[in-house]
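Asks: Place chain U on chain A using the hints.
Residue numbers (our numbering), protein chains in the order written: chain A, 1 to 488; chain U, 1 to 431.
No lab work stands behind these hints: they were computed from the structure. Note that beta-carbon positions come from the ideal geometry of N, C-alpha and C, so glycine has one too. Hints are all accurate, no fakes.
In silico DSS-like links for lysine-lysine, alpha-carbon gap of 30 Å or less:
| hint | chain 1 | residue 1 | chain 2 | residue 2 |
| --- | --- | --- | --- | --- |
| 1 | A | K173 | U | K265 |
| 2 | A | K381 | A | K429 |
| 3 | A | K173 | U | K226 |
| 4 | A | K129 | U | K15 |
| 5 | A | K172 | U | K265 |
| 6 | A | K103 | U | K30 |
| 7 | U | K242 | A | K50 |
| 8 | U | K29 | U | K47 |
| 9 | A | K403 | A | K338 |
| 10 | U | K226 | A | K172 |
| 11 | A | K77 | U | K226 |
| 12 | A | K19 | A | K282 |
| 13 | A | K46 | U | K226 |
| 14 | A | K19 | U | K15 |
| 15 | A | K129 | U | K265 |
| 16 | A | K383 | A | K468 |
| 17 | U | K268 | A | K50 |
| 18 | U | K265 | A | K77 |
| 19 | U | K7 | A | K311 |
| 20 | A | K50 | U | K272 |
| 21 | U | K78 | U | K155 |
| 22 | A | K335 | A | K254 |
| 23 | A | K403 | A | K487 |
| 24 | A | K223 | A | K282 |
| 25 | U | K11 | A | K311 |
| 26 | A | K50 | A | K77 |
| 27 | U | K295 | U | K306 |
| 28 | A | K389 | A | K225 |
| 29 | A | K103 | U | K47 |
| 30 | A | K311 | U | K15 |
| 31 | A | K129 | U | K11 |
| 32 | A | K487 | A | K476 |
| 33 | U | K15 | A | K153 |
| 34 | A | K129 | U | K47 |
| 35 | U | K328 | U | K338 |
In silico negatives: residues of chain U with every beta carbon more than 12 Å from chain A:
| hint | residue |
| --- | --- |
| 36 | K58 |
| 37 | E71 |
| 38 | F103 |
| 39 | P105 |
| 40 | S131 |
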Amino acid sequence: MTEKNLEEDSKYYNELGFKAGLEIHQQLETHKLFCKCPSLVNDPNKADIKFERRFRSVLSEKGEKDIVAEFEMQKNKVIRYEACSSSSCLVEYDEEPPHSINKYALNIALEIATLFNAEIVDEIQIMRKAVVDGSVTSGFQRTMLIAKRGYIKTSLGNVHIDTVCLEEEAAKKLSEDSNYITYRLDRLGVPLVEIATAPEIKTPEHAKECASIIGMILRSTNKVKRGIGTIRQDVNLSIRGHPRIEIKGFQELKSMPKVIENEVKRQIEDIKNKTLKAEVRKANVDFTTTFQRPMPGAARMYPETDHVPIKISEEMLENISRPELITEKTISLEKKYKISSVLAEEIIKNKINFEDYVSKLENIEPEFIARVLVEYPKQIKTKYNLEIKYDIYSILDLYNNRKISKEAVLEIMVELNATGRRLDEISKKYLSVDEEEVKKEIKKIILDLESEDKEPKMNEVMGRLMEKYRGKIDGKRAVELIKIILKS
Amino acid sequence: MDFKGLKQGYKINVKTSIEVVEGILINDKKDILVLKLNNGYNIGIEKSNIRDIRVVEKSEMVSNPNGKKIELNKNLPKILILHTGGTIASRVDYKTGAVHASFEPEQLIEMFPELHEIANIDSVFIGNIWSDDLRFKHITLIAKEIEKNISKGYKGIIISMGTDNLAVGAAALSFAIENSNIPIIFVGAQRSSDRGSSDAGVNLVCAASFVCNSNYRGVAICMHSKSSDITCDIFSATKTKKLHTSRRDAFQNINTESIAMVDYKTGKVSMKQENYSSGEMKILPEFEDKVAILKIHINMNLEQFKFYKGYKGLIIEGTGLGQIPFTKNDGVTEEHEKIRQALKEVIESGTVVVMTSNCIFGRVNMDVYKPARELQELGVIPGEDMLTETAFVKLAWLLKNHPNQVKELIGKNICGEISSRTMYQNISQFN
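Next comes chain A alone, as it looks inside the complex (with noise of 0.2 Å):
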């Protein structure tokens, strides 16, 4: 989008009365908050433990008519938990009260905090949020407030991070009919930190950023778990004259712009027809969004009993580290080495030595080796679906002495990892060719076409040159020569 575009869109959604705030969810990348089991997300094993529970609203009746009708909707129910002993024990089937929290987890959410330049509170009080429909074992999800009043820059300038929240994943969901809900618990009890920001979002394209600098802030810590379904996030968002919508589900962050604009247009609608509705929406693929729940009222928490608080100590304080967040380490990068961003960060997520790469990698372009490090290794995933375990160093030095062509590079790293050969074995076969033995080659596949009664086109020569020497000469190099010899 250009500048005067930005500018125009700024001004339309001010003029709506535009507002929208984001809730992040991102899994933490260490065992469970309250036990010592491992956080796998979705445990290969299959369930070994089965269980059926039924629970009951707790809360007092005065003024809470949101969840009592909630409580309605489900009270019939029963909820059934599967559970592999792999990843569960008996704190997530609810059998055994919390055991003291994850420090490492609560370490993470504190340098997460400070990243967002948020407040540290004074003493930590976990909370129970209560929760009826069985998507936590204990009927509540356990939650504590690490940090407030935190800001991210922007090009729409700060946007304020009112809250960093650690708290416990709720188990998965695996079928609901009229009788029963079943969960399944590997991911019950992950560790999870919420970033809640204030309703300061100025556009849907705005609300990408924030996500996009928020999600990058998260893996800057190298501490956070990565892939689909780890990080979550949720759009709250509302025109004048229409109550507050939450929209869960984005499937990817390309497509928040086009689905909040959607969920404007679909706002002005409603504000037309006068159906106006605070809800949970759910994001679809087609950027459109559809009615998921009544919005939940207030959160509903009390003190956690099983754990005491936590005081924030000096040393804890003193404790926590500062990494360099990734977008500074990338641009750094791409400056210096004239690569894309794109290269640039994969570097830096990959945790790639690349200065000491280039530096002793002096006869090749740093673009090249980047993609040698990043990119190969994926098109070999995908294509072959071969995983790259050999050290590319090495092969990279081949062709640093010229030893072997450019096009070799990826031969013979596919060859290598295929056959389980040795590199200098492999390599005879790619070693480059003299320059005047290519050339007489050439000139005698001309002579062999021209006698065929075939025009020899550069097509024709260069695909018979490299049925010769696929690999041991650099293509480039080829079609200067044969330009050369069919010119002369």
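Replies: Okay, now just chain U, sitting in the frame of chain A:
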């Protein structure tokens, strides 16, 4: 800063060196003020960081909300619930996060509406103690309350108690109320009642179903059969042990089978034993205080035995079939010779000494090994297949109520605490 004028429940505005926070005062601790923020979270603010406090609203903590009036259903039987602890019903006030225990029948029915379809509920609040603080005096109090109410037409009585000593409490009461003519059922909760997943409701409802749908007479325990909220077992009051610190199905039969199983959803009772008492009811609610349990372990010292001289009764929880360190075998076991002498003196001082086993399952047999035969010669009485804790309350009860027949009655069954036959039982309890 002065924190004196502040009360729990006040909405206050706190200014610290870096920010202003508004919320409801939840707790005024030594160094920390705990505030509930608008978003529901509690946070602690260090008092030394506070510069100013302004009271925004002087609202008090919400008191216990009262339940609606319940109409009697004349077709249903009456049940009396005695609260002694181990709160079976709680309500959470989400505004402050405060937990209110519920003891009134109206509140119980509001929490557990199923109860209203099973019986009309009366309740008496005896106390709300940690079951770890249980003393014989409490059992006496409960027995007297039962004596007061037992002829008032109740189909049964349900007693709520903390689970840690629920089994021994039930055992003690079954001696105090011999041959009860109605069911007296103990219930507890392994998961506190302030959580949606509490087992309290299922235990209570199953106990009520059992009272109404069976002809059982006597004291028993109603707790979860398994981890699932599907059925409860009715356990013998004298042969049950809490075998797990936290699981819902912690209570397990020892050397016997369950009395019955109750289906939570249907209220259906499946009886497994029919041999409960039918004699004349007798209430003898007092216990002898000077009784103790000595647990046997390796490397014991003389003093550990000497200590009990002058006690009226002593249960020794021995090893295996009923052994203690009693023999000088080599150069380092001289202490055991002295233990033999000390125990002799304890018995000669008038202490009744009874042997049980640390094996939990099975029966003591003090005829098999020589040291145990010698223990019998000293006057130690085998406790048959009694649980240590049951033997303990039985001994205290006998010493108080049948002082001249203690040695004769301790090894005889009174209320299901001793079985004459040792039956085959699956002892791998948890699955």
